[in-house]
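There are 2 protein chains.
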Amino acid sequence: MATYRAPVDDMMFLFEKLRDNSHYNSLEKYKEVSPDLAKDILEQAAKLTENLILPLAKVGDETPAKLENGIVRTPPGYKEAYKKFVDDGWVSLSCDPEYGGQGMPKTISSFFDEMLSAASLSFKLYSELSIGAYNCIFHHGNDSIKKKFLPNMVKGTWSGTMCLTEPVCGTDLGLLKTKAIEQKDGTYKLTGQKIFITSGDQDLTENIIHLVLARTLDAPEGTKGISLFLVPKIKVKEDGSLGQRNGVSTNSIESKMGIKGSATCVLNFDESIGHMIGPKNKGLSSMFTMMNLERIVVGVQGLGISEIAYQNALNYSKERKQGKSHNSKTKNGADLIIDHADIRRSLLNMKSIIEGERALSFWLAQQTEVSLYHNDSKIKQQASDLVSLMTPVVKSLFSDMGMEITSEAMQIFGGYGYTRDQGIEQLYRDNRITPIYEGTNSVQAIDLVFRKLVNKNGNIIDNYIQLIKQDIEKNKKINETKLFAEKLNQYLKILIDFTDWIEKSIKNSKDDVSAACNDYLKVLGLVAVGYSWLKILDISYKEIKNNKKFFEDKIETAKFFFDRVLPRIETHYKSGISGSKNIMNFKFD
Amino acid sequence: MATYRAPVDDMMFLFEKLRDNSHYNSLEKYKEVSPDLAKDILEQAAKLTENLILPLAKVGDETPAKLENGIVRTPPGYKEAYKKFVDDGWVSLSCDPEYGGQGMPKTISSFFDEMLSAASLSFKLYSELSIGAYNCIFHHGNDSIKKKFLPNMVKGTWSGTMCLTEPVCGTDLGLLKTKAIEQKDGTYKLTGQKIFITSGDQDLTENIIHLVLARTLDAPEGTKGISLFLVPKIKVKEDGSLGQRNGVSTNSIESKMGIKGSATCVLNFDESIGHMIGPKNKGLSSMFTMMNLERIVVGVQGLGISEIAYQNALNYSKERKQGKSHNSKTKNGADLIIDHADIRRSLLNMKSIIEGERALSFWLAQQTEVSLYHNDSKIKQQASDLVSLMTPVVKSLFSDMGMEITSEAMQIFGGYGYTRDQGIEQLYRDNRITPIYEGTNSVQAIDLVFRKLVNKNGNIIDNYIQLIKQDIEKNKKINETKLFAEKLNQYLKILIDFTDWIEKSIKNSKDDVSAACNDYLKVLGLVAVGYSWLKILDISYKEIKNNKKFFEDKIETAKFFFDRVLPRIETHYKSGISGSKNIMNFKFD
Chain A
0 MATYRAPVDD MMFLFEKLRD NSHYNSLEKY KEVSPDLAKD ILEQAAKLTE
50 NLILPLAKVG DETPAKLENG IVRTPPGYKE AYKKFVDDGW VSLSCDPEYG
100 GQGMPKTISS FFDEMLSAAS LSFKLYSELS IGAYNCIFHH GNDSIKKKFL
150 PNMVKGTWSG TMCLTEPVCG TDLGLLKTKA IEQKDGTYKL TGQKIFITSG
200 DQDLTENIIH LVLARTLDAP EGTKGISLFL VPKIKVKEDG SLGQRNGVST
250 NSIESKMGIK GSATCVLNFD ESIGHMIGPK NKGLSSMFTM MNLERIVVGV
300 QGLGISEIAY QNALNYSKER KQGKSHNSKT KNGADLIIDH ADIRRSLLNM
350 KSIIEGERAL SFWLAQQTEV SLYHNDSKIK QQASDLVSLM TPVVKSLFSD
400 MGMEITSEAM QIFGGYGYTR DQGIEQLYRD NRITPIYEGT NSVQAIDLVF
450 RKLVNKNGNI IDNYIQLIKQ DIEKNKKINE TKLFAEKLNQ YLKILIDFTD
500 WIEKSIKNSK DDVSAACNDY LKVLGLVAVG YSWLKILDIS YKEIKNNKKF
550 FEDKIETAKF FFDRVLPRIE THYKSGISGS KNIMNFKFD
Chain B
0 MATYRAPVDD MMFLFEKLRD NSHYNSLEKY KEVSPDLAKD ILEQAAKLTE
50 NLILPLAKVG DETPAKLENG IVRTPPGYKE AYKKFVDDGW VSLSCDPEYG
100 GQGMPKTISS FFDEMLSAAS LSFKLYSELS IGAYNCIFHH GNDSIKKKFL
150 PNMVKGTWSG TMCLTEPVCG TDLGLLKTKA IEQKDGTYKL TGQKIFITSG
200 DQDLTENIIH LVLARTLDAP EGTKGISLFL VPKIKVKEDG SLGQRNGVST
250 NSIESKMGIK GSATCVLNFD ESIGHMIGPK NKGLSSMFTM MNLERIVVGV
300 QGLGISEIAY QNALNYSKER KQGKSHNSKT KNGADLIIDH ADIRRSLLNM
350 KSIIEGERAL SFWLAQQTEV SLYHNDSKIK QQASDLVSLM TPVVKSLFSD
400 MGMEITSEAM QIFGGYGYTR DQGIEQLYRD NRITPIYEGT NSVQAIDLVF
450 RKLVNKNGNI IDNYIQLIKQ DIEKNKKINE TKLFAEKLNQ YLKILIDFTD
500 WIEKSIKNSK DDVSAACNDY LKVLGLVAVG YSWLKILDIS YKEIKNNKKF
550 FEDKIETAKF FFDRVLPRIE THYKSGISGS KNIMNFKFD
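Here the protein sequences come in this chain order: A and B. Number 435 in the working numbering belongs to position 436 of the first sequence; there are no gaps in the numbering. Number 15 in the working numbering belongs to position 16 of the second sequence; there are no gaps in the numbering.
Hints are computed from structural coordinates only; laboratory data are not their basis. Bear in mind that the values here come from a model prediction, so they are computed numbers and not experimental data. Each hint should be verified, as a subset may be incorrect.
[Unchecked claim] Here are the simulated BS3-like cross-link-like pairs (lysine-lysine), alpha carbons at most 30 Å apart as the crow flies:
1. Lys-580/A / Lys-223/B
2. Lys-544/B / Lys-28/B
3. Lys-492/B / Lys-281/A
4. Lys-46/B / Lys-547/B
5. Lys-178/A / Lys-28/B
6. Lys-28/B / Lys-506/A
7. Lys-486/B / Lys-492/A
8. Lys-544/B / Lys-580/A
9. Lys-281/A / Lys-580/B
10. Lys-492/B / Lys-544/A
11. Lys-323/A / Lys-223/B
12. Lys-580/B / Lys-580/A
13. Lys-506/B / Lys-492/B
14. Lys-83/A / Lys-46/A
15. Lys-580/A / Lys-547/B
16. Lys-506/A / Lys-281/B
17. Lys-28/B / Lys-492/A
18. Lys-475/A / Lys-580/A
19. Lys-580/A / Lys-473/A
[Claimed, not checked] So these bits of chain B aren't anywhere near chain A, every CB distance computed over 10 Å:
20. Glu-42
21. Gln-101
22. Phe-195
23. Asn-206
24. Asp-499
25. Thr-570
26. Ser-579
27. Asn-581
We put the CB at the ideal spot given by N, CA and C, even for glycine.
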């Protein structure tokens, strides 16, 4: 079984030294969230995930969730663990105190998301979508709905789901068919089938609050005719107590490659009673509140799984002996594989990506909080635009890198990595959902190039590039970071050229842009991680006296990233701008 | 379940148009292997793999091989299919007529390897190692051993294995501990444990011939004290009939991520009677005959699995409708996803890699036959050197690309790709062993840079580069292929620079070379595939009038490869030559 130590030190380094967003720091509601409080929470979270959650990963893989007589049974031990999880208040970590939450910012809760993902993604998913549903209801529900449903969701005794996909519509929600017929009392009766519903049913909570996209009878075609409904599994009476079963049933659950502990359900809605959330026909935009936050969390899942894979590969490389290293002092027998240059290269590749991603994710957490809660609407909007720019990048880059890193970890284990005992292959299988769900990574890339670079508020990518330029200029003047800043600047120039190419091509050949979007996303993502490393370097050289080992480690890891990871940008650029004529004209048999 | 159509047309194109090795063409023993014969065999092989073998893939995944009361049971249907497979003579395809084989060259049998791998890698493995063992005995066994064991192995009623790995030794065979004690009659008694033994036991054949590496009592330490032994599961009497059980038993079988239909065994040898094969203490070099041929086959496995993944992704993209393409003519509803630029790019990426690899593999098959059977020892040695150079490249590149391609296929299937019904995720899991077994891809890369570039016969990589240069120079003079030749020449220059860097660095810092070896292997591999495409282009422009659709398709696919795949070389080079000081000095916690 894989082992795990939550990287609290690295998280606290970010929380203490890279909380550098002045707008975030001025948010009144988080004034009292001190490093001491953060540390206390992260240490408790570490205990929970290392001890209680981690063992659930293997159990869930070996004894998947199953459907028995119409009821979904979670794997052995999930119920008991979920009860403790709820009792200790972990579901409510980031929720609003008005509904019983602890009101912690994403600068803390996203670290918790990372830890949970590392320990057991399957277990995490049972509460993750609840938070998504909570966010959606919190931002778009009316007061009576909020009062009726949120407190139990925050407590964790009720959970939530997002019901979007149908058999013929995944990416293209315009095709969805579920019908909602208005009743005299203002409620709706929903009928249709939803598929791939994560935690669509389970035996952990007393009720499940489904958020369902559907069409009213008079709705226009396509995406402009989609409304959002709240459909409880068990109807809730006016006094908040549970009533009768609603018309929602589990048709089947998917047999999947990984995250087997998580129940992925086909749900049948059969004249189930629902409440409309937000304005009619505007369901997609309400759902997107939740989708966007969720997409960032999927990126963080990839990060968490990368971390645990790295830790296990590192540990194994310090135990396994094979072959002589070039500087071997061993007379009889072999050296530890960590003494071999190629293994070290692989480990540093993982480490440099993981720590850079964590810093980028922390930067994004600050922006997200500003985008949700800043008083100045202009500042709020600017942050919101940056968040919406970086959401597809973080989702795709971190989940793809999660595959690279879990794969490299398997290689370090050799033949043992392919067997089920070590837990490494499970990480590889579990992470493989992350480039797919919440919109495949290609869909993210299309979203990025066609909707996120430039919007009604102006040229968002340009604003982001300016931010990076400022840090580059600042660091060019510092002896220690000068060379790093100059190197990043070379790659930033490629990003700028690629962006110009996108902006030009979008007018003449949208297919050129579509064929380039995955490469563009990677270029932007790698520059963003490089930018995060530059921030870390800046701090590291300043603080090196205070913790030599920690900051030397950061500086050397950054060097690796600049030397061996950033050069990928050149290939992506060259490949990306080669056009689509040949691609579009190709005659597939 | 995945569907499969063996790509006989593409294979026949190679067989008819790219059989361009004059030394191969002069081999007396293959004079009668005409295109008509090849086509006949490939069509029969297509029928077999599409109809009989393909359904075994899913069965094997759902009902893995298991150990019952000490006996390995293969999945349902394997026994019946294996019987037909043997009865129809498929095991003997490439074996020598002297022992009952059909004597077909690798220019045909490697296509068959590809088809079998695509249809069911697990099923294939039950006969694949038999051929490996056959090759080893054929080249190193004495006449009496050959006469006693080979005919039944060729027939397929007996199978073979390679027993190298032990719990503490995989890559580093110098550590192996299995003991062989000489008996008065000249046989040996072997005692020890071997792990990860593919088809170590099964219920398909009457006997299993294990080839086992072990140490005699007086053997020197390390790799210089390893001998090779033939150890039958059931002892064979002088008259060739089966006697009593030998001291070989199955301790357990591995629970694996994929290829679940294949039994991967832990074998206990307990005073089992064995016969030494080849000279004492030279067991490794005898085993390497088999290992090297086997490594090429692993590459071909990756190619076969890539092909079936591509076919299924292509089919799905012609059925699934999502979203509007940029040139949509659809009024209501969505377009087929094959109309979207990004999906087309992904499909062409797969196709351009697959067809280039197949051509490279065909080139290598010709060289391999020359290396085994040419009368002129110099020509034979030159071919042998090229084969040994390209063996680690084909093994690693094709198996890694197999992961890229099966992964891209999954992405095209979206959420459905992650469920078990479609068979795509199984291809991804099954292929994941190929970068690991027969020496991990990093071990291949180390082998390449330290042992294969230059050997006692001279500078092998330089000879290979000269071959490519000749084709480039020739094609520079042809209008249609001029631009392709020039582009390939740019990348060849990078290969030359990288090679110079390796040759210099190997003197001063072997760690620099070790840290660069994976990147170097990729550069050499991509250039080699580009070289194969240049050969295809040369033919295609000449032949275009004879089959417009086929050759236009080739030309357009080649364009994609040159525009969008070859640029990866730049990143590998830049990353590769960045040195190892930082990597070697890093203090891992």
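Looking back at the hints listed earlier, which ones does the structure fail to meet? Failing hints, ascending: 1, 2, 3, 5, 6, 9, 10, 12, 16, 17, 18, 19, 22, 25, 26, 27.
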